[in-house]
Amino acid sequence: MALLEVENLQTHFRIPEGVNRAVDGVSFAINERETLAIVGESGCGKSVTASSILRLIPEPPGKIAGAIRFEGRDLLKLSEREMRRIRGKDISMIFQEPMTSLNPVLSVGRQLRETLSVHEGLERHAADARAEEMLALVGIPEPRRRLSEYPHQLSGGMRQRVMIAIALACSPKLLIADEPTTALDVTIQAQILELMRNLKHRVGAAIVLITHDLGVVAEVAERVMVMYAGRKVEEAPVADLFRSPRHPYTQGLLGAVPKLGSSLSGAATRLAEIPGLVPSLKGRMQGCVFANRCPQATDLCRRLAPALAPKAPGHVVACHYARRDAAAG
Amino acid sequence: MLGYIARRILATIPVMGVVAFFVFSLLYIAPGDPAAVIAGDQATPADVERIRQNLGLDRPFLVRFGEWTWHILQGDMGKSIFTALPVWTMIEQRIGPTVSLMVVTLLLAVTVAVPMGVVAAWKAGSWIDRVIMGFAVFGFSVPVFVVAYLLAYVFALELEWLPVQGYTPLAAGFWPWLENLILPSIALGCVYIALIARITRAAMLEVLSQDYIKTARAKGLAQTSILFVHALKNAAVPIVTVIGIGIALLIGGAVVTESVFVIPGLGRLTIDAILRRDYPVIQGVVLLFSFVYVLVNLVIDLLYTVLDPRIRY
Amino acid sequence: MNAVLAAAPPEDLAAAPELPDILPPAKPRRGLAGFVRRHPAIAAGGTLVLVMLLIAVLAPYLGRVDPTAIAPGRRTRPPSAQFWFGSDMLGRDIYSRIVYGARVSLIVGFSVALLASFAGLVIGIVSGFVRWADPIVMRVMDGLMSIPPILLAVALMALTRGSVGNVILAITIAEVPRVSRLVRAVVLSLREQPYVDAAVAAGTRTPMIMLRHILPNTLSPLTVQATYICASAMIIEAILSFIGAGIPPTIPSWGNIMAEGRALWQVKPYIVFFPAIFLSLTVLAVNLLGDGLRDALDPRMAKEI
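Chains as they are written, first to last, in the numbering used here: chain A, 3 to 331; chain B, 70 to 382; chain C, 9 to 313.
Treat the hints with care, as some may be off.
Unchecked claim - Below 25 Å or equal to it, Euclidean Cα-Cα: the simulated DSS-like pairs (lysine-lysine) are: (1) B/Lys283 <-> A/Lys202; (2) A/Lys91 <-> B/Lys148; (3) A/Lys79 <-> B/Lys302; (4) B/Lys283 <-> A/Lys65; (5) B/Lys192 <-> B/Lys302; (6) A/Lys91 <-> A/Lys79; (7) B/Lys283 <-> B/Lys148; (8) A/Lys65 <-> A/Lys79; (9) A/Lys202 <-> A/Lys175; (10) A/Lys175 <-> B/Lys283; (11) A/Lys79 <-> A/Lys202; (12) B/Lys283 <-> B/Lys302; (13) A/Lys175 <-> A/Lys79; (14) B/Lys192 <-> A/Lys79; (15) B/Lys192 <-> A/Lys65; (16) A/Lys202 <-> A/Lys65.
Unchecked claim - Listed next, with one range per pair, are the computed distances between beta-carbon atoms: (17) C/Leu58 <-> B/Arg128: 51 to 61 Å; (18) C/Gln201 <-> A/Glu61: 57 to 67 Å; (19) A/Pro18 <-> C/Ala79: 54 to 64 Å; (20) A/Val188 <-> C/Ala22: 37 to 47 Å; (21) A/Pro18 <-> B/Thr180: 36 to 46 Å; (22) B/Met70 <-> A/Asn294: 50 to 60 Å; (23) B/Val200 <-> A/Glu224: 49 to 59 Å; (24) B/Glu118 <-> C/Pro257: 26 to 36 Å; (25) C/Ser197 <-> B/Pro83: 24 to 34 Å; (26) A/Gly206 <-> C/Ile30: 58 to 68 Å.
Claimed, not checked - Partner residues are not named here, just some residues of chain A that face chain B (Cβ under 8 Å, in silico): (27) Leu58; (28) Ile59; (29) Arg89; (30) Glu116; (31) Leu139; (32) Ile142; (33) Ser173; (34) Lys175.
Rather than coming from a laboratory, the hints here were simulated on the basis of the structure. Glycine included, every Cβ here is placed at the ideal spot set by N, Cα and C.
Work the whole structure out from these sequences, hints included.
Structure follows, in structure tokens:
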């Protein structure tokens, strides 16, 4: 049984003009100790998917439907109190903006101790000791001193490390990382990714990594899932996806990545862009969501939305015209 | 941090200077001839002249201002035109009840309004929110003396639960002292509560939409902890600011409340002075209240360093 | 990198499952009903204000008797068919006085709002633009703001003869500092905007910049603030009249009527009661209007005002 099974997840929001179908039928699974990356451009619903897993969606404007099974239990059926026991303990989350994700008026130590005392019942001394350990684990120098410092006294990279420390403090089985390196400088990015790779092995958590940066995917993930306009359009092992992407959108994404040395080899040096804009998620769509931007779209595509179908071992694609390997799964 | 404190304290001095200047020059700004107005319709020219000299209107402005300021710094606020007593003595006699009223009102208002605002923000958009904010708008709209009369009529006259009017000093016992202050402080506090509740709600809404609150939720913390520890502490700065600024409302409203409930405080002193056009007394009371207001806001500014660790340079 | 396309339609055509709507679709209402639904505060507040304005304007037709007609023989009668709201201690018809009183209160409210807004606008813009004047002006405004508004008005009124004009002036002086602060804040934030820089670089002269770029942006917060000032002014006028430092007793204003009813409130509460209802409703209406405008024009203002 997989650690986390998401089935037909739908997260819609009531907006003044109607309904925003931010996530509209996404299914995936992740096993223990696995790292799954979810990629897509801004607005495709990947962050909303991540937040939906922990039910961090405000319910008056939003509504979640479907099934999210964690270790067999459907999280959507749990009470708020039961959910709180899972958040921060079995499933943790880190966010994109380290500059604003830590509470500015509470000390770093306080914010670390909180998780420990709520979930593991540790009192002050024991919590402080564990907090110090965690800070050292994530590579923060002089951890003891940091406990009494405030977030504004730390750099962006250090704050993100603190976030990771808080997330891993209670040894979660699943860590959801929502664009953890997007807001950081490139050099710091590399450090944080390195840290995550190391910790992955140490702590033994599964990771769901949300990002729009394919380079990050290549570094950390084992499997990758591509989202577009609230749906999943492709999923495959990382190497496979990079070698032979089969959905026109994925192909477009990879074509838009600058390749080192391309100008030297004389190959086309212009970055391929995907023309058009993401369709509005306001109404129900007819046909394939990518049809209006797809260079290979036909009337069939505009009429009938393709289902996700396996085209190679472990590789599913939602496109009527995606090439199928003989030995598909 | 000491630098910040020192700078804030020093900055108060020019403000007080301006306040003193304004209070003093009101006499000169007022259209028409203030001496004649104060002397009244039945006054003889000699009376008007006497008043004019008393107020110093016959001497140059700056000279008079200098003298006046010098006297103020020594605690001499001049003499009442009507009773010929030193203004400061008259103020001293009446200050106790007013301070009691304002302190009780302040405590009442903060303990009622802040939770109201927090709950309204937490349940934003729901009927609870609408009801709470509905009360707040009413609080703003009904003049303080109307609320005072209403409360007095219902709770004192009809139901006879509380005394209609009067004041008992604290020395005579805690409950009698409080009994006389309950209705007046509720009346006085209405506008204040409305203001604080509104700002609390607005500040909390702003804070609750921040990223760090999402982090707190993702950590599985309980709702009370999120609201009162994580959120409120961040909203504290604007809330405390408005508590300070709103003291102006308390001061203004105290004048009227003391009249309705017959409390022998500075408010009544002011009203009597108005009726008798006893300008030195009015001037003294206005100056005193303004200085207190400036000081209160200074304390609030200093409080920021405790509330927000980022303000500690 | 390109996938090989099947020339003919694919063999195993599979359609994605249709997933249901999980939120009921919204019904946008058009027209007046829609407006009321979306902006209840403006609708309610605006309507009430209009009603009060009508009462004020039509006072001579609505008032049944001369509001200053004294009739000692009919003193302090409770509400009846003859005196709809009763009569006061000089035998005057309270209903008529209230209807005429609407004029005074509304005139004071609107005048103060207009004057204070205009003065505050000028001061705020000058202060925001003329850098050497800024610290001086702000110190002065800070000083003025440190004097609680009612006390300031009281002190001014104590030195002048009571009249509607003086009341308006006194309250305006008390309200100007707040407005100037608001305008100055807007000016300062706008001054740094790129399009202002661009205008300066293009050689536009300062008054033009003020008029074209800055002024329009101050109008929204200023309008909202003006409604709050109107409400505040009406209450201050009532309080001033109540303590005897406001409108002279010969002119009926809601505050005056309540002041006159003071002595008898324990036995004849209606003298204070009826004008109180009218005043409260009007102030409530103006406040609602202000809130509604604020939310409609720019929800972000809710944090500052």
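> If you check the beta carbons of A/Val188 and C/Ala22, does the distance land in 37 to 47 Å?
Replying inline: holds (42 Å)
> Would you say the C-beta atoms of A/Pro18 and B/Thr180 sit inside 36 to 46 Å of each other?
Replying inline: holds (37 Å)
> Given the hint that A/Lys65 pairs with A/Lys79, does the C-alpha gap stay at or below 25 Å?
Replying inline: OK: A/Lys65 and A/Lys79 at ~13 Å, within 25 Å.
> Regarding C/Leu58 and B/Arg128, is the given constraint of 51 to 61 Å on their beta-carbon distance met?
Replying inline: Hint holds: Cβ distance 54 Å, inside 51 to 61 Å.
>> What's the verdict on A/Lys91 and A/Lys79, does the C-alpha distance respect the 25 Å limit or exceed it?
In response: holds (18 Å)
> Taking 8 Å as the limit, does the beta-carbon of A/Lys175 come near enough to a beta-carbon in chain B?
Replying inline: Where the cut-off is 8 Å and the nearest Cβ of chain B is about 14 Å from A/Lys175, the hint is violated.
> Is the Cα-Cα distance between B/Lys283 and B/Lys148 25 Å or less?
Replying inline: violated (62 Å)
> Does A/Ser173 pass the interface hint, meaning its C-beta sits closer than 8 Å to a C-beta of chain B?
Replying inline: violated (14 Å)
> If you take the shortest Cβ to Cβ gap from A/Leu139 to chain B, is it below 8 Å?
Replying inline: Violated. Min distance 18 Å.
> Taking only the CA atoms, is the gap from A/Lys79 to A/Lys202 under or equal to 25 Å?
Replying inline: Not OK: A/Lys79 and A/Lys202 at ~29 Å, beyond 25 Å, violated.
> Keeping to a limit of 25 Å between CA atoms, is the pair of B/Lys283 and B/Lys302 held or broken?
Replying inline: Holds, at roughly 16 Å.
>> Quick check on a hinted range of 50 to 60 Å for B/Met70 and A/Asn294, using CB atoms only.
In response: Cβ of B/Met70 to Cβ of A/Asn294: about 59 Å, so the range 50 to 60 Å holds.
Checked against the numbered hints given earlier, this structure breaks hints 2, 3, 7, 11, 16, 18, 26, 28, 31, 32, 33 and 34; the rest are met.
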